Each structure stands twice: as C-alpha cells, then as structure tokens.
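Peer 1: Which chain is which? The protein sequence lines are Z and R, in order.
The first sequence begins at 1 in our numbering and counts up one residue at a time.
The second sequence begins at 1 in our numbering and counts up one residue at a time.
It should be emphasised that the hints constitute simulated quantities derived from the structure, not laboratory data.
Only a predicted model underlies this, so the values are computations on that prediction, with no experimental measurement involved.
Don't take every hint at face value.
To be verified - One-sided and incomplete, this derived list gives chain Z residues near chain R with beta-carbon spacing under 7 angstroms:
no., residue
1, Ser11
2, Arg12
3, Tyr14
4, Leu17
5, Asp21
6, Asp27
7, Cys108
8, Pro144
9, Gly147
10, Val180
11, Arg184
12, Phe188
13, Asp189
14, Val197
15, Tyr200
Cβ coordinates follow ideal geometry from the N, Cα and C atoms, glycine included.
Each chain, written out:
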Amino acid sequence: MNATETWNRSSRTYDWLTFGDDVRQGDDKRRLFAKACGRTILVAVGTGADIKFLPPGLDIVAIDISPGMVEKAGPRAAAYEGRMELRVMDAQRLECPDASFDTAITACTFCSVPDPVRGLRELHRVLKPEGRLLMYEHVRSNVPAVGLFLDFMTYLSRPLLGPDMNRDTVSNVRRAGFHVVSERNVYFDIVKAVEAVKRYETRMPSTAPQF
Amino acid sequence: MDTRNTQPTMTGILRASFFAGDCLAAATTGVVTTLAVRLIIPPDFDMVAAMMIGMAIGTIVHLLLGLVFGPLLGMFETMVPGMYVGMYGGMLFGMRDSMQHAAVSLGTALWVGAAFGVTVAIGVHLWNVQLRQASANEEGCE
C-alpha cells in the first residue's frame, strides 16, 4: 500500500483517533501558528483539523498527498476566515515556484513523508529568503527507554498507520538548509514546536527537482 | 502577531480532567497487567524468566489499552506512562509473583498495580513539566 492509499484509508478515522491530541495540544499549535504571516503553504492539511488553530487573514495553499484527506478538509477550509486553496500534492515534489511563500506550516507531517530531507528541501526552495518554517512534529525521544520504545513502535506504526515514531526531524530541518530559531518541548521531548528560517545567504539546495 | 486566534481553550477544569484521565488510564494498565501476570506466571517460576515474560505481558497490555485511551487522552500522553507501567510494572509484578505468589493476595496485588500506575502517571506528568520548562523560551513575533 502506498502513501496515498494509506492516508486515504486513514482519513475515515483520523479525526476520531486524534480527538485527545486535538483538544490537549490545540493551545500549543495556536501559539506556534500565530507566527504565520503573508502567503503560506500548509503541508499535509489532513482532514483540516488544524485549520481552526491558524490565525485568520492568511493567503494559504493547503496541500495533502491524499485526495480522501483533501475532500474531508473541504468544509473546514471553506469556513476559514481568509483565503485557502486546497490541492492534492506530494510534499517531496511541490508544484510551486521558487521563493513564493512567506511561511510554511507543518503539523505531524514529517513523520510520514518518505524522504523527509527531500520534502524539507522543497519547502526551503519555495520559501522566500527569511521565510519562516513553523513545525509541530513528534520526534524520537532522547530519553533512552522512551527512544528505544519509539524505535519498537515504528515497526508497528509504519505498516499499520503510516508514520514513523523515531525520526530526528530537527536535524533533518538543519540538513535541508534551514536555521533553527527555536525548539520547544510540548509533550516530553517527543512532541515539539519548531521554528526555523531560510537565511538570506543560504544557497538553494542543488537537489531540488526542476519544474 | 495576529492575536485574534490565540485565546487558550484548555481551561483549568479541562486540564485537571485530562490529568485525572491519565491517572485512570495508568491505574487501569497497572491493574490489567497485574491480573495478566498473576494468571500467566506460575508460583516458583524462574525469576529472570518471570521478569522477561512480565515485561512482554505489560507491553502487550499497554498497547491494547492505548487503542482505547489514546484517542481520548492523546496518543503520546497515553503511550509514555503506559510504557513505564506496562514494561517496568510487568517486570516487577512478574518477579513478585514468581517469589511471593502465596504471600500476596490477588486483591492486594491489584491495589498495588493501580497505585503503581497512578504513581507513574504523576511522575511522568512532573517530568513532562520539567522538560517543557527546560525548553521554554519566549518566542516573540517579528
């Protein structure tokens, strides 16, 4: 089963499975996403559960690899107090021009993108210089017992649900060329709010696909 | 920063309710692990083997209960204390039942399992507060 099929299947139960996370972590997401400004790309919009945490008035392109997710997100996108365009798109191959966004937002996204550094390099490419990357992601814990457990859980979560539980996403952000401004623990050292910027002097990654 | 969408939704009552839910989930994991270990580990069983089997039992129990509590309380908020209760509790309960099966009644063992779960939930909560504070930095909007 490929990623599109996995997330199409998950779209049916996603809101139910994430009810507790949605309520408990909403304030942390709202606090992070309040820093978004201007033209924004929201990667992996899912069922649109996070749209309510976005500040109003943004010009957003919200993408997801799953048509099933995009369909579910439709009513929530329509209710957003700003402009929101929904598109089916792969985060690893963004069909967007270079330097076309001020902000990129991800929420529990880079646990599932098959090649996370490639996806992050794509975000680096489409962000304007000094553009901001706001990430709400879960990563591997540095607490040894918990980290090992998340390694074990990945053997179950990857085939059953899709995401990996043990990625070092903050290092991947740096590897993609971003400068990490802040890294805040939301739950344990697993769920993190990360803010990064595309520095002016940073050269565009050479591996970006050409369109 | 746009402040129109930054009002907190987690009230004190909601926060306390989730904490109570965390304790209840961990206590349930402790009780079910205790019961499963008591049923599976025979008296005078090899202690080391009992610890390893107990750990496996606790892991399975907390993963199954995580499917119930995770959507309600949050996946990681359920998984982290559940892991400590299931894995470490399973080891401890397995060790006890291999050595003191007759000396500790089932009722007492279940109470100990629940108390162990609640203690772990409180400990993980305090640990989480410390980890959050350690990384907290005021993030202003430019």
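Peer 1: Check each numbered hint against the structure and report the violated ones by number, ascending.
Peer 2: Violated: hints 1, 2, 3, 7, 8, 9, 10, 14 and 15.
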